[in-house]
Structures are given as structure tokens and as C-alpha cells.
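Student: Spelled out from the first residue to the last, the chains are:
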Amino acid sequence: MPTITFVRPDGERIAVEAGNTESVMLAAVGRQVAGILGECGGSMTCATCHVFVAPEWLDRLPPMSAAEDELLDATATERGHNSRLSCQIPLSEALDGLVVELPEMQI
Amino acid sequence: MSDLASMDAAGRTAPVLDLDPFADAVLESPFEMHAALRAAGPVGWLSKYGVYVMGRHKDILPALKDWETFSSTGGSGLADIRKPDAWRPGSPIVEVDPPQHTKVRTALQRILSPAVIRQWRQDFEIEAERLADEVVAKGSFCGVTDFAETFVSTTFPTALGLADSPQRRDNLFLLGALNFDGQGPRNARYEATQRKADEIWDWYLDSMKREAMLPGGFGEKIFQAADAGEIDPEIAPLLVRSFLRGGLDTTSSMISAALWYLAQDPAQWQLLRDDPTRVRGALDEAMRLETPIQNVCRQTMRGVEIDGTTVPFDSKILIILASANRDPERWENPDRFDVMRQTMGHLALGNGVHMCIGQMIARLEGEVLLKALVSRVSALKLTGEPTRALNNNLRSLATLPLSITAG
Numbered sequence: 002m003p004t005i006t007f008v009r010p011d012g013e014r015i016a017v018e019a020g021n022t023e024s025v026m027l028a029a030v031g032r033q034v035a036g037i038l039g040e041c042g043g044s045m046t047c048a049t050c051h052v053f054v055a056p057e058w059l060d061r062l063p064p065m066s067a068a069e070d071e072l073l074d075a076t077a078t079e080r081g082h083n084s085r086l087s088c089q090i091p092l093s094e095a096l097d098g099l100v101v102e103l104p105e106m107q108i
Numbered sequence: 003m004s005d006l007a008s009m010d011a012a013g014r015t016a017p018v019l020d021l022d023p024f025a026d027a028v029l030e031s032p033f034e035m036h037a038a039l040r041a042a043g044p045v046g047w048l049s050k051y052g053v054y055v056m057g058r059h060k061d062i063l064p065a066l067k068d069w070e071t072f073s074s075t076g077g078s079g080l081a082d083i084r085k086p087d088a089w090r091p092g093s094p095i096v097e098v099d100p101p102q103h104t105k106v107r108t109a110l111q112r113i114l115s116p117a118v119i120r121q122w123r124q125d126f127e128i129e130a131e132r133l134a135d136e137v138v139a140k141g142s143f144c145g146v147t148d149f150a151e152t153f154v155s156t157t158f159p160t161a162l163g164l165a166d167s168p169q170r171r172d173n174l175f176l177l178g179a180l181n182f183d184g185q186g187p188r189n190a191r192y193e194a195t196q197r198k199a200d201e202i203w204d205w206y207l208d209s210m211k212r213e214a215m216l217p218g219g220f221g222e223k224i225f226q227a228a229d230a231g232e233i234d235p236e237i238a239p240l241l242v243r244s245f246l247r248g249g250l251d252t253t254s255s256m257i258s259a260a261l262w263y264l265a266q267d268p269a270q271w272q273l274l275r276d277d278p279t280r281v282r283g284a285l286d287e288a289m290r291l292e293t294p295i296q297n298v299c300r301q302t303m304r305g306v307e308i309d310g311t312t313v314p315f316d317s318k319i320l321i322i323l324a325s326a327n328r329d330p331e332r333w334e335n336p337d338r339f340d341v342m343r344q345t346m347g348h349l350a351l352g353n354g355v356h357m358c359i360g361q362m363i364a365r366l367e368g369e370v371l372l373k374a375l376v377s378r379v380s381a382l383k384l385t386g387e388p389t390r391a392l393n394n395n396l397r398s399l400a401t402l403p404l405s406i407t408a409g
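Residue numbers (our numbering), protein chains in the order written: chain A, 2 to 108; chain B, 3 to 409.
I should point out that these hints are in silico values taken from the structure, not numbers from a laboratory.
All of these numbers come straight from a predicted model, not from anything done at the bench.
In this text, a Cβ means the ideal position worked out from N, Cα and C, and glycines have one as well.
Be aware that a few hints might be false.
Computed Cβ-Cβ distance ranges for the label pairs, DEER-style [unchecked claim]:
| # | chain 1 | residue 1 | chain 2 | residue 2 | range |
| --- | --- | --- | --- | --- | --- |
| 1 | A | A95 | B | M346 | 22 to 28 Å |
| 2 | A | G31 | B | A88 | 42 to 48 Å |
| 3 | A | E18 | B | F33 | 32 to 38 Å |
| 4 | B | V28 | A | T78 | 29 to 35 Å |
| 5 | B | D309 | A | D97 | 32 to 38 Å |
| 6 | B | D26 | A | E71 | 41 to 47 Å |
| 7 | A | E71 | B | A88 | 30 to 36 Å |
| 8 | B | K50 | A | P63 | 33 to 39 Å |
| 9 | A | E23 | B | P278 | 50 to 56 Å |
| 10 | B | T108 | A | A95 | 28 to 34 Å |
Partial pick of chain B residues on the chain A-facing surface, computed with a CB cut under 8 Å [stated by the list, open to error]:
| # | residue |
| --- | --- |
| 11 | Q111 |
| 12 | S115 |
| 13 | Q272 |
Between the sequences and the hints, there should be enough to build the whole structure, so can you do that?
Tutor: And the structure:
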């Protein structure tokens with residue numbers, strides 16, 4: 002069962018057991034991690050599950066689709082080189098230890 | 003159609019259900035019918051309309067995700083839009099599947115991107131505050147006609163870029179009623195709405211033309227996407243049409259339902275007063291319970307087994323989203339309104355590739371309007387029984403008598 006760490010803008014770290022959820026977004030929402038909204042449920046309409054991925058993890062995630070790339074241009078907190086939509090990061094044991102930072106704003 | 007139509011090759015049959023989702027009494031209160039549907043199993047056969055029907059969350063969610071099996075190309079309503087004598091033309095976004103759908107959806111997603119929608123926030127907030135001041139000054143008001151409908155009929159057409167006119171509000175709500183009545187059977191309710199709509203048909207046709215779109219609205223951007231080759235030019239007016247017909251009633255139904263539930267439970271109102279960021283959750287909870295668009299239809303592209311019952315190839319299935327949204331197997335205390343509930347997984351906006359593309363505008367409208375009221379009102383009270391506006395597919399209130407205590 003992978004553990005994922007969410008880091009708030011103030012530096013607070015929240016580690017969650019991801020369980021059998023399908024994506025990093027669903028793991029966060031299921032554990033009520035404030036700062037991940039996922040309002041559209043993963044249908045890539047809302048851009049409210051934006052995260053900044055810790056650099057050492059970036060290359061270990063599945064590649065970004067064109068649609069995700071485009072939606073990242075519309076996030077409430079401006080994207081960085083390490084931005085992803087957490088609904089597009091499927092969970093697996095290989096992601097045990099993943100660290101992502103939360104943006105200041107999602108709406 | 004014969005009841006034999008519900009029998010598959012192996013002899014298993016979906017139970018025949020003598021239910022009418024479009025009868026007045028059911029539209030007033032569909033919950034008993036929902037319970038009967040869920041108890042009947044994964045899929046039933048609606049003998050009155052000759053279609054299959056589904057009502058359980060665990061069957062409906064995967065069906066909505068599987069567009070290859072459960073296609074939208076037969077039409078989102080009961081009518082089969084593929085037939086040569088179809089009485090309703092298809093939508094170039096709602097009633098197509100990938101790959102055509104992907105191209106249109108991508109272009110529209112760009113036009114309705116969250117970044118673009120955020121640019122409307124300030125305009126919407128100004129109107130919300132003006133309107134909230136107005137109802138607070140009145141003390142008692144109708145939550146539907148004085149508030150929810152006034153707000154969405156001002157903000158949404160402006161964002162679309164449709165010029166204001168004395169008839170704009172009434173005409174748009176009539177087109178909304180037509181759209182959703184048209185998703186049900188061709189019954190007396192639909193015919194009456196169509197007759198009324200016939201009187202404004204020229205206005206309707208003119209309103210989806212390029213020259214009707216004011217600069218800066220997303221209507222104009224739809225035509226510009228056609229100029230850029232992102233979508234075919236002939237579908238641009240049809241996309242504007244989708245917004246004319248689908249953008250107002252749904253949002254106003256969500257807002258007035260939220261007010262109705264909040265007015266019945268002061269503790270829930272207080273939760274919003276304590277932390278107004280809870281307003282967005284309250285709106286999702288209202289969407290779950292009210293489910294403004296009650297049903298969607300899908301057409302099977304192959305014979306498919308749904309939890310042990312086989313539905314043959316090319317069958318129409320009426321998917322009752324509203325039933326899934328109160329399915330006790332999925333939701334704890336399903337009928338209870340709770341702004342703190344984790345509502346993800348409700349199906350009021352659909353799911354999968356066809357999930358509502360306008361949801362971020364609807365959420366913004368609801369958020370700014372409710373927040374404006376929450377910041378001005380210490381208590382919200384129901385002063386009479388609300389009444390419903392009956393429509394074949396749109397569940398909404400017609401009147402909602404409210405009074406407020408300022409503070």
C-alpha cells in the first residue's frame with residue numbers, strides 16, 4: 002500500500018496511506034487532504050487537483066497527455082516545470098514514498 | 003413493443019416494470035419509483051416506453067465511463083436520433099462519441115477553461131452582491147424567481163455574449179424547458195412546451211448566429227475556434243445552441259435546491275456562516291439530492307451483461323442518475339442534506355467523457371451567489387411550501403418562499 006506525502010505551502014507534511022484508490026487525487030480526497038479538491042472527479046474539466054511533484058519523482062510518473070498539459074495552463078496557482086494534475090497520476094506500489102507539494106490556490 | 007424484447011438469447015430476462023418516470027405524480031416525488039427500480043435489480047424493462055432502465059449506482063457509474071459499450075450516439079433522450087424521421091436533431095457534443103467527440107470537447111474545454119471562467123468571477127460577484135442586497139432589503143422573497151433565476155439569467159447569457167433584451171430571460175427558460183422536456187417521451191407536456199417555443203423560434207434561431215454574439219463572450223470564441231479549424235464551421239451555432247438550451251435551468255435548479263435544504267436546517271446554514279468555503283460542497287450536496295438532470299440515455303453497441311442480466315445489442319437504456327444519487331448502497335443516510343459530506347462520485351453532472359463541460363461556470367455562479375447571502379444573513383427561513391415546475395427531465399422548483407434575518 003503506497004504512502005504519499007502532501008506538503009502544504011506552509012511546509013506542513015501530510016502522509017497518507019493511499020489504499021486501493023485509483024489516483025493520487027482520489028487518495029487525497031478520500032483522506033480529506035485540504036488543498037486537493039478534484040471537483041470534476043477526474044474528468045479533466047476543473048484543474049483543482051494541481052500538485053508540484055518533488056523533482057526526484059518527476060521522471061518516474063507516466064507521461065503527461067496533451068489534454069493534461071493544456072489544462073495545467075489554466076490552474077489557479079501558476080504551473081511550474083514540475084506541475085501535474087494528481088487525477089492523472091495512477092497509483093501503484095512503485096509510487097510508495099511519492100512527495101508532492103500543494104499549491105496556494107486551487108480555485 | 004412486446005415484453006419478449008426484454009429477453010436475451012440465454013433466456014434471462016430483465017424484470018418488466020410497470021412504472022412511468024414521466025407521470026406527474028412521479029415527477030413530483032420520484033423516490034418511491036427509484037427504490038422500486040433499485041430493488042428490481044441491475045436493469046429493468048420499462049414496458050410503457052419499450053426501453054431498458056437502470057437505477058443502481060454500482061451499475062450506472064461503470065456504464066457512464068464505458069462510452070464504447072454505452073454510446074450516446076442514439077441520443078441522450080428517449081428518442082432515437084439516428085432514425086430518418088427523428089423529430090430532434092442531434093447535438094454535436096452530447097450525442098457523439100470519440101473520436102469526433104474528442105475534437106469538439108477539446109476545443110470547448112479550451113473555451114471554458116478554468117482560467118477563462120475565473121475572469122468572470124468579479125463580474126458575477128458584483129451582480130451577486132447587488133441581488134443579495136436587494137433580497138435582504140425585501141426581507142421575504144421567492145428563492146427561485148427573485149433570486150436563483152434572476153442571477154443565472156443575468157450572468158450566464160452575458161458570459162455567453164448574448165445581448166440583453168426584454169424577452170431574453172423568459173425565452174431562455176422556455177428553451178431550457180423545451181430541451182429537457184424533449185429528452186423524455188413525446189407526451190402532452192412536451193407538445194405544450196414545443197407549441198410555446200414555436201412562438202419564439204425566430205428569436206431562437208437568430209440567437210445562435212455569429213452576429214448575435216457580443217465580443218468577449220464564449221459564444222464568440224466558439225466561432226473563432228471554427229475560424230481556426232479546431233471545429234467544423236457548421237457545428238459552431240449548434241454548440242451555442244447547447245448553451246442556450248442547457249445553461250440556465252440546471253444551474254438555477256442547483257441553487258434553489260441548495261437554498262431549500264439550507265432553509266430547512268439552521269445548523270447547516272451555520273456551518274456555511276462558520277466557513278463560507280463550504281459553499282461549494284453545499285452546492286455539490288444539493289446537486290446530489292436534487293439531480294437537476296434526472297436521466298440520461300445510452301444505446302448499447304453490443305450485447306452486454308450487467309450484473310447477471312443481459313441487455314441485447316442496440317437497446318436504449320434510460321439511466322436514472324437521480325436514483326443512483328440516493329442509492330443507500332452508495333450513500334450513508336442518502337436523503338440527508340449534509341454540507342460536510344464527501345460528495346465525490348455523485349452523478350448529477352454525469353461521468354466519463356460526457357461529464358458536464360459547463361460545471362465550473364455553474365459552480366462559480368452558485369458559489370458567489372450563496373456566499374453573498376451567507377455574509378449578509380444570519381437565518382434563512384422557509385415561509386411556505388415550495389412548488390415544483392414539472393418537466394420530463396429537469397427537476398426544479400417553481401417557487402420557494404423564504405424570509406431572512408439580516409446579520
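Student: The structure should be examined with respect to each hint, and the outcome stated for every one.
Tutor: Now for the hints, and whether the structure bears them out:
1. Taking the beta carbon of each, A95/A and M346/B are about 25 Å apart, inside 22 to 28 Å as hinted.
2. The hinted window of 42 to 48 Å between G31/A and A88/B holds, with their beta carbons roughly 43 Å apart.
3. Here the CB-CB span from E18/A to F33/B is close to 37 Å, well matched to the stated 32 to 38 Å.
4. Separated by about 46 Å at the C-beta atoms, V28/B and T78/A break the suggested range of 29 to 35 Å.
5. Range check, D309/B to D97/A: Cβ separation about 34 Å, and the 32 to 38 Å hint holds.
6. Range check, D26/B to E71/A: Cβ separation about 46 Å, and the 41 to 47 Å hint holds.
7. At roughly 34 Å, the beta carbons of E71/A and A88/B sit within the given window of 30 to 36 Å.
8. Restraint check, K50/B to P63/A: a C-beta distance of roughly 48 Å breaks the suggested window 33 to 39 Å.
9. The hinted window of 50 to 56 Å between E23/A and P278/B is violated, with their beta carbons roughly 31 Å apart.
10. Taking the beta carbon of each, T108/B and A95/A are about 30 Å apart, inside 28 to 34 Å as hinted.
11. Satisfaction of the interface hint for Q111/B is found here, the shortest Cβ-Cβ separation to chain A being roughly 7 Å, below the 8 Å cut-off.
12. Interface restraint check: S115/B against chain A, minimum CB-CB distance 4 Å, threshold 8 Å, status holds.
13. Hint on Q272/B is violated. Least Cβ distance to chain A is approximately 20 Å, over the 8 Å limit.
In this structure, the earlier hints numbered 4, 8, 9 and 13 are contradicted, and the remaining ones agree with it.
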